[in-house]
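For the protein sequence lines, the chains are A and B, in the order given. Per our numbering, the first sequence starts with residue 225, numbered consecutively. Per our numbering, the second sequence starts with residue 5, numbered consecutively.
Simulated from the structure, these hints should not be mistaken for laboratory data. It is possible that part of the hints are untrue.
Claimed, not checked - Mimicking DSBU-like on lysine-lysine, the simulated pairs with C-alpha atoms at most 30 Å apart in a straight line are:
# : chain 1 : residue 1 : chain 2 : residue 2
1 : A       : K511      : B       : K73
2 : B       : K52       : A       : K511
3 : A       : K357      : B       : K73
4 : B       : K52       : A       : K609
5 : A       : K526      : B       : K73
6 : A       : K511      : B       : K56
7 : B       : K73       : A       : K609
8 : A       : K567      : A       : K448
Note that the structure is a prediction, hence the values are computed from the model and not measured.
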Amino acid sequence: MFLELLLAASLGIFAGIFTGLTPGVHINLVAILVVSSASYLLGIFSLASLGVFIIAMAITHTFLDTIPAIFLGAPEADTALGVLPGHKLLLQGRGYEAVKLTIVGSFFSFLLALAFFPLFIWIVPRVYEGLQKWIAWILIVIMAYMILGERSNEARLYAAVVFLLSGILGAFVFNFPNLNQPLFPLLSGLFGISMLIVSLSDNAQIPKQYITDEIRLGKWQSFKALLSATFSGSLVSFFPGLGPAQAAIIGSNTMGKTNNYTFLVLVGGINTVNMLVSLVSLYTIDKARNGAVLAMQQIIDKVDFNMLILFIGTSLFAAGIATFLTLYISRVFSNVISHVNYKVLTLSIITFIVALTFYFSSFMGLLILITSTAIGIIPNVVNVKRSHAMGCLILPVILFFLL
Amino acid sequence: MNERLMLLTAFICSIAGIFVIYISSGVIEGMMQPADSISLEDEGRNIKVQGKIVDYYEGDNIVIMEIEKPSVVKVVLFKNKARNLSIAEGTQLEIMGKVEEYEGSLEVIGNRVRVIG
Numbered sequence: 225m226f227l228e229l230l231l232a233a234s235l236g237i238f239a240g241i242f243t244g245l246t247p248g249v250h251i252n253l254v255a256i257l258v259v260s261s262a263s264y265l266l267g268i269f270s271l272a273s274l275g276v277f278i279i280a281m282a283i284t285h286t287f288l289d290t291i292p293a294i295f296l297g298a299p300e301a302d303t304a305l306g307v308l309p310g311h312k313l314l315l316q317g318r319g320y321e322a323v324k325l326t327i328v329g330s331f332f333s334f335l336l337a338l339a340f341f342p343l344f345i346w347i348v349p350r351v352y353e354g355l356q357k358w359i360a361w362i363l364i365v366i367m368a369y370m371i372l373g374e375r376s377n378e379a380r381l382y383a384a385v386v387f388l389l390s391g392i393l394g395a396f397v398f399n400f401p402n403l404n405q406p407l408f409p410l411l412s413g414l415f416g417i418s419m420l421i422v423s424l425s426d427n428a429q430i431p432k433q434y435i436t437d438e439i440r441l442g443k444w445q446s447f448k449a450l451l452s453a454t455f456s457g458s459l460v461s462f463f464p465g466l467g468p469a470q471a472a473i474i475g476s477n478t479m480g481k482t483n484n485y486t487f488l489v490l491v492g493g494i495n496t497v498n499m500l501v502s503l504v505s506l507y508t509i510d511k512a513r514n515g516a517v518l519a520m521q522q523i524i525d526k527v528d529f530n531m532l533i534l535f536i537g538t539s540l541f542a543a544g545i546a547t548f549l550t551l552y553i554s555r556v557f558s559n560v561i562s563h564v565n566y567k568v569l570t571l572s573i574i575t576f577i578v579a580l581t582f583y584f585s586s587f588m589g590l591l592i593l594i595t596s597t598a599i600g601i602i603p604n605v606v607n608v609k610r611s612h613a614m615g616c617l618i619l620p621v622i623l624f625f626l627l
Numbered sequence: 005m006n007e008r009l010m011l012l013t014a015f016i017c018s019i020a021g022i023f024v025i026y027i028s029s030g031v032i033e034g035m036m037q038p039a040d041s042i043s044l045e046d047e048g049r050n051i052k053v054q055g056k057i058v059d060y061y062e063g064d065n066i067v068i069m070e071i072e073k074p075s076v077v078k079v080v081l082f083k084n085k086a087r088n089l090s091i092a093e094g095t096q097l098e099i100m101g102k103v104e105e106y107e108g109s110l111e112v113i114g115n116r117v118r119v120i121g
């Protein structure tokens, strides 16, 4: 049984490498494949092994998905806000450092969340019902705070426009029938291609990438970032409709003053914490809060205390291995990317994203991609924060809770 | 902070994870052993039952089976959990499910089922 579980965890880590590094391939896709072939797989593996596979894949994915976001500008919902600071560091020859900061966030927030695990188990069933009706208002206050935080009335107006435009686009995309992978063109346009086009117009070049052992972070700043990641990542994992993207907005506002370094730690930490703590929701209130945990719930039905401990052990194993893997793969990317012509690379990435969008979502996807790219360029032109474009995920959630 | 320190912590974490998986595997394996019989103490627990179908009733959405292992256990299976499963007397099944009380007697509400012979 032990060797079977270890094998399942190792296979899960390999699957997580694949989903984490491949833009457009989400863990939900693999999790659905596991569920749909469960009756066959259960003839070979135990229920616990299938659960271990999914958990190991999900945790590994949250470590590795920052690599395509930072090096290629192809984000997912949970890494979208990390693209810009990550790419800035890449253009300063510090792409490896950017990934390393997200690993610091992922790994140490994971440990922090683990330390808070008994508290989460106690608190979730007690606050779940009460807090749910306040989620929309919490998000409204946070977005208002973000918009009002811009430097002038004109900038505040532009920020509100960016928020509303991206929010309306998001609401449209989520309600469009039979659209495959709606997030891919939406987020790639708002945060990926728009940024790459701006970099192209600035004639940016990728300099030689420096690989250092040092992690330049102040103790207090990094602790605040880790605490914010743990708080916001766990908060959103208890409620429906919320995810790491909303957590990044909550976290960056609760944390106070941030810079590129601490922000990357925050973004890195949130999605790992979110994945880990979603196990608490499954265990305490029997609710699955993301695709991977939902898939697990469909296979295992009810997670008891022994199973929870097994999944925590699996998460520990996967988080440790993923730290090594992400740093190693990031070194490889750093060595390769500085030898590539930036203009050719950027155009290739844009072509790749367009092709993937067409493959997943056909012409409607391309239309979404063009629209979201246009909206994504606005913050750069009017000089407001790009994070207002997270309205694409925040506004639909607000409407979901209010209407 | 130093990268080496982070990697050392990650290494310790992996080892700790393997240790927890090892300990858990023993507990889970015990739970996954087929139950010889079910009692009131098992109510609400997930158990595994292996045995031969000695009698069954098949409705539109439900199958009720009596499984001999060698004592007879009643298993209730909703058909959405048993797609492509051909039910016949003498078929050896392995069922995972929850023990529940219904009208004074204990039964297993099947969650997963597979033919083993």
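Cross-check of the supplied hints:
1. The straight-line distance between the Cα atoms of A/K511 and B/K73 is roughly 35 Å, outside the 30 Å bound, and the hint therefore fails.
2. Restraint check for B/K52 and A/K511: the C-alpha separation of about 24 Å stays at or below 30 Å, so the hint holds.
3. For the hint linking A/K357 to B/K73, the alpha-carbon distance of about 50 Å lies beyond 30 Å, and the restraint is violated.
4. Between the alpha carbons of B/K52 and A/K609 the distance comes to roughly 56 Å, so the proposed pair goes past 30 Å and is violated.
5. For the proposed pair A/K526 and B/K73, the alpha carbon gap of about 25 Å is at most 30 Å, so the pair holds.
6. Between A/K511 and B/K56 the alpha-carbon distance is near 35 Å, which puts this suggested pair outside the 30 Å criterion.
7. For the hint pairing B/K73 with A/K609, the CA-to-CA distance comes to about 67 Å; that exceeds 30 Å, so the pair is violated.
8. Distance restraint check for A/K567 and A/K448: the Cα-Cα separation of roughly 37 Å exceeds the 30 Å cut-off, and the hinted pair is therefore not satisfied.
This entry does not satisfy hints 1, 3, 4, 6, 7, 8, going by the numbered hints stated previously.
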